[in-house]
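Visitor: Single-letter residue listing:
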Amino acid sequence: MAPTRKSKTNQPPSPSRTLILDNGAYTIKAGYVAGDAVDEPRVIPNCIARDRNKKIYIASDISKCPDFSEVAFRRPVEKGFIVNWEAEKEIWEHEFFDEKAPQPCDPSETRLILTEPSNSLPILQTNCDQIVFEEFGFASYYRGIGPSLNAYHDVQGILRTPRDPGTLAQLPAEILLLIDTGYSHTTVTPLLRGRPIHPAIRRLDVGGKLLTNYLTRLLSLRHYDMRNETYIVNEMKEAACYVSLDYKGDHERTWKGTRGERRETYLNGGGIAKDYVLPDFHTITKGIIRDFDPLRASKARKLAGESTEDVLTLRNERFCVPELLFHPSDIGMRQPGIADLVMQSLHVLPVGLWPGLLANIVVVGGNSLFEGFVERLQKEIVQLAPDECFVRVARPVDPITSTWLGGANLAKHENINTLSVAKQEYEEFGAAWVARKFSTGLEL
Amino acid sequence: MNNFGVVELASTKTTNAPGWAYVPDTTPHLAAAAAAASLQTGNRKRAARNQAANTSALYADADARQEAKLRREIEALDRDNYHRDVSIPIVAKSTSSKAAVKKHTPNVRKILQSQKTFANHLDDFEALLAQEKSNPNAASSAGAASAAVAATPVVKQEEDTPMTDAPQDAPTEPSSSTTVSTLLTPYSRPDYPPSHPQDADPLLVSRVPPLPTDAELRALLAAPPLSYTEARGRWTAEDDGRRYPARVFCEVCGYWGRVRCMRCGARVCALECLETHREECVTRYGL
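Chains as they are written, first to last, in our numbering: chain A, 1 to 444; chain B, 1 to 287.
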């Protein structure tokens, strides 16, 4: 089981530059680490997009797109796994290997740290290794589970543990329960000294994509047909949605009432309703969110030609959409919510580890940016966890690049030399050996 | 093996078939069950309902049609472009000076040309697993269900191993509070928390569950990853009694679904939404 030690003897010197790729389904987070110098990671859309004039934009080119209405996307990453290498190669070449690439890279002198989701399929891992070495020819390579890179952070700093000043953070963190809620799914990963406890990893198939599509469906039923406007709806979701701390109460405050009745809270918005001005890409290029104003947004004014803007009034859509993370059964999915998922994961582990894990929960990923997400999650976990356990949930400053930054810390850490595989080793021992080495990970 | 006289010829010509994949063969078993059920009841609808009885997610009384509709809707939510299928081809680069020179290795060419989706790969993998189990009989070939069901016992085993180990190890090292674990380091801030005169009071003393031993931790960390389907969070059997019933919502406005349309069974909140719904219901089902 243990990897052979003979690889040590003929290990070539490690490359001085490391490219860290957090290859998410929605965005790639990429940047270099050379010695102690850490770049600011770039967030690159991981897609090939086509606007309604049939013009095609690859990855970061999409920022040049003037009109995002009816943009269609092709995404090489499905469910978090790189499935379509034809498109992914196109994007990587556009970003890293072409002459005019914004982050030029010479693979033969670079080490690659690439993330993957947990519980991958062996065939996809093999494809990945083959492309990295045979097509791009990186000098050295480590493919690791994305959530586990977050252990290479000052976790106690994120959790704001009171400490003596000058205490050095232990890398990797000793014990950590990481919740990664991204575009494709939400995973719960217990980590011990930077190593995932595989049997306890659990996944919930609710991610940002599903939430955006759900909002699209609600809006198309109730307001305008937004079914081709994924991009616009996604912006709306990011701007307007929040996780409710009082779901029932918020529902009462947004309900119009029975027939003929118009409740006070409905008419004045109840502090929840918001107006969202849709972009028309002539005068407004990005949607604007503002407080609900019953006088301003009336359809009559629009008809009278006094106002040219399209306004959507968002009421219970604002909190019903992220609610799916906590209650997937609301749309009929037979899966537990995040808090239950955490408990399911803990039930696999010995009780002795529970206090440590519950007191060190870190949330990363784009969905954690919803207002109220961390508070709600903490509240729900406290209700489910044993009373004696102290529950702390925290979110790093930037949850989207957190995994990347962890990868950057790993690149500076000595562990990477034992984890990574050199190109010569791949050629000598083959793909199966590499796959086994990556799945074994660090020894303790 | 006697293959009824059919000899498979090796062919040198291989074709690249896009949406082609191995899938676990589930048909005979399920079809037989369905046929038996429909024979017994003489009612296809009821047979279908019986089959779906344990999968009804949202409504306790959902019939097969509603069930299928729900499933379709959830699948629709999982698409990159809601509502439409798009195929955006990769444009060949005009200045392909470097690309033209570079030749792909056979492996890479195969990977690049593959049009498989994740679902195809997953089916392949599960078919492979099913094949490895090599119990082609009806007992185990509950098919896709077996993959899912087989998943849970595996999880259970993982769950059990550390639990059974614990009592064996505990008596051997009762003084383990003094033996230092190499994996879990104790909290080392001196004089914190400050001691209190009543710390030893049996009513106030705090009990911490014993930490697992190093051997247990190593076993946990060395355990292999679960497969993709096994790692999916699911409702467990012991939760079935404790779980709150699923919440239902108004199909028109999203408030609680308190009233049900007599004609189609859709949920709405009150009369106003019911009228809105009726208009749609009439166009769909007639008066």
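Hints listed in this document are in silico derivations from the structure and should not be mistaken for laboratory results. Heads up, a few of these hints could be off.
Unchecked claim - Restricting the straight-line Cα-Cα distance to at most 30 Å, the calculated cross-link-like pairs of lysine-lysine (DSSO-like) are:
| # | chain 1 | residue 1 | chain 2 | residue 2 |
| --- | --- | --- | --- | --- |
| 1 | B | Lys133 | B | Lys116 |
| 2 | B | Lys133 | A | Lys100 |
| 3 | A | Lys423 | B | Lys116 |
| 4 | A | Lys55 | A | Lys286 |
What the hints assert, rightly or not - If you anchor each label on the Cβ, the simulated ranges turn out as follows:
| # | chain 1 | residue 1 | chain 2 | residue 2 | range |
| --- | --- | --- | --- | --- | --- |
| 5 | B | Asp63 | A | Asp39 | 24 to 34 Å |
| 6 | A | Asp398 | B | Pro202 | 24 to 34 Å |
| 7 | A | Cys65 | B | Asp63 | 38 to 48 Å |
| 8 | A | Pro66 | B | Gly241 | 54 to 64 Å |
| 9 | A | Glu309 | B | Val259 | 49 to 59 Å |
| 10 | B | His104 | A | Ala432 | 20 to 30 Å |
| 11 | A | Pro386 | B | Leu203 | 11 to 21 Å |
| 12 | A | Glu99 | B | Val248 | 36 to 46 Å |
| 13 | A | Asp225 | B | Arg72 | 28 to 38 Å |
The model shown is predicted, which means the values in this text are computed figures rather than measured ones. For every residue, glycine included, the Cβ atom is placed at its ideal position computed from N, Cα and C.
Visitor: Per the hint of 20 to 30 Å, is the separation of the Cβ atoms of His104/B and Ala432/A within bounds?
Guide: holds (21 Å)
Visitor: For the hint 38 to 48 Å, verify it against the beta carbon of Cys65/A and that of Asp63/B.
Guide: holds (46 Å)
Visitor: Between Asp63/B and Asp39/A, is the Cβ distance one that fits in 24 to 34 Å?
Guide: Once the Cβ atoms are compared, 57 Å apart, the range 24 to 34 Å for Asp39/A and Asp63/B is violated.
Visitor: Next pair to validate is Lys133/B with Lys116/B; report whether the Cα-Cα distance is within 30 Å.
Guide: holds (25 Å)
Visitor: How does the Cβ-Cβ distance of Pro386/A and Leu203/B compare with 11 to 21 Å: does it lie in that range?
Guide: Given range 11 to 21 Å: holds, Cβ gap about 19 Å.
Visitor: Take the C-alpha atoms of Lys423/A and Lys116/B, compute the straight-line distance between them, and say whether it is at most 30 Å.
Guide: holds (27 Å)
Visitor: That 28 to 38 Å hint for Asp225/A and Arg72/B (C-beta), does it hold up?
Guide: violated (19 Å)
Visitor: Quick one, are Lys55/A and Lys286/A close enough, alpha carbons at most 30 Å?
Guide: holds (20 Å)
Visitor: Between the beta carbons of Glu99/A and Val248/B, is the distance compatible with 36 to 46 Å?
Guide: violated (58 Å)
Visitor: Between the beta carbons of Pro66/A and Gly241/B, is the distance compatible with 54 to 64 Å?
Guide: holds (57 Å)
Visitor: Kindly confirm whether 24 to 34 Å is satisfied by the beta carbon distance between Asp398/A and Pro202/B.
Guide: violated (48 Å)
Visitor: A range of 49 to 59 Å was offered for this pair. Does it hold for the Cβ distance of Glu309/A and Val259/B?
Guide: Given range 49 to 59 Å: violated, Cβ gap about 36 Å.
Taken one by one, the earlier hints fail for this structure at numbers 2, 5, 6, 9, 12, 13, listed in ascending order.
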